[in-house]
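Peer 1: Residue strings, one per chain:
Number of protein chains: 2
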Amino acid sequence: MKVIDYRDAAEQTFDGETVKGVTGRIAIGKDDGAGNFCMRVFTVAPDGFTPKHSHEWEHEVFIHSGKGKVLRKGDWQDITSGTALFIPGGEEHQFKNTGDGDLIFICLIPSGAPEL
Amino acid sequence: MKVIDYRDAAEQTFDGETVKGVTGRIAIGKDDGAGNFCMRVFTVAPDGFTPKHSHEWEHEVFIHSGKGKVLRKGDWQDITSGTALFIPGGEEHQFKNTGDGDLIFICLIPSGAPEL
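Note that the protein sequences, when read in sequence, are chains A and B. Mapping of the first sequence onto the numbering used here: position 92 corresponds to residue 93, and the numbering continues sequentially without gaps. Mapping of the second sequence onto the numbering used here: position 32 corresponds to residue 33, and the numbering continues sequentially without gaps.
Check the hints yourself; a few may be wrong.
For chains that are exact copies, the list does not tell them apart, and a pair is met inside one copy or across any two.
Straight-line C-alpha distance at most 25 angstroms; calculated SDA-like pairs for lysine to any residue [what the hints assert, rightly or not]:
id, residue 1, residue 2
1, Lys-74, Ala-10
2, Lys-31, Gly-17
3, Lys-68, Asp-32
4, Lys-97, Gln-13
5, Lys-70, Ala-46
6, Lys-68, Asp-103
7, Lys-21, Gly-75
8, Lys-21, Asp-32
9, Lys-31, Thr-19
10, Lys-68, Ala-114
11, Lys-53, Asp-9
12, Lys-68, Gly-113
13, Lys-97, Asp-9
14, Lys-3, Pro-89
15, Lys-3, Lys-53
16, Lys-31, Pro-47
17, Lys-31, Ser-55
18, Lys-21, Gly-36
19, Lys-3, Asp-16
20, Lys-21, Lys-70
21, Lys-70, Gly-113
22, Lys-74, Thr-19
23, Lys-21, Gln-95
24, Lys-31, Thr-99
25, Lys-68, Asn-37
26, Lys-31, Glu-18
27, Lys-74, Glu-12
28, Lys-68, Pro-89
29, Lys-68, Ser-112
30, Lys-21, Asp-33
Honestly, the hints are just simulated from the structure, not real lab data. In this text, all values refer to a predicted model and were calculated from it rather than measured experimentally.
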């Protein structure tokens, strides 16, 4: 059994034209022997956003804390602590932080997709 | 894309000799078209606990809020908001709430295992 505070996992930051203020961590992945799916934790700073994109694999997301919006079929929908999202493969999506603090969410992907 | 507050998902309560004060909800499952893994959210009331058991499938767990302990190779280890756990298939485990409020965690399983 692996027990880890996600904040102790190695972090990777993402900042550029299409992504702003995002930190990603692999909490549970293939290096842990997780052969079916991978748990990442993302922190989006205030005014930050993830890329607007789509890919063949699905996401299962749980909003841990903070406030934000998700792009869903062209509209921005509110998300907050306790929101769960299923994003099927091939569907365009983007997250942005609209709160004063960090937006923190768990995002799981099937094995075989890039872990981070 | 499915967007749901987990508290709006149907709940099932578990109380008996081996489990106490546990409420489970399927946030994302096969009915949503999630073909690889399933997201459940569990709430354990103060003094409550999950069954001590093992099974062939793995768990990926994220502690959303509250304080508790996990049984890990015979010892009780602290868990709290932000703790991530990987429990490989076949490993005995149990969670208990040791705090004053609810212990709330996300628990993911591969498809094919019982969703709740």
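Peer 1: Hints numbered earlier in the text: which of these fail when held up against the supplied structure?
Peer 2: 2, 3, 8, 9, 10, 11, 12, 16, 18, 19, 21, 24, 25, 26, 27, 29, 30
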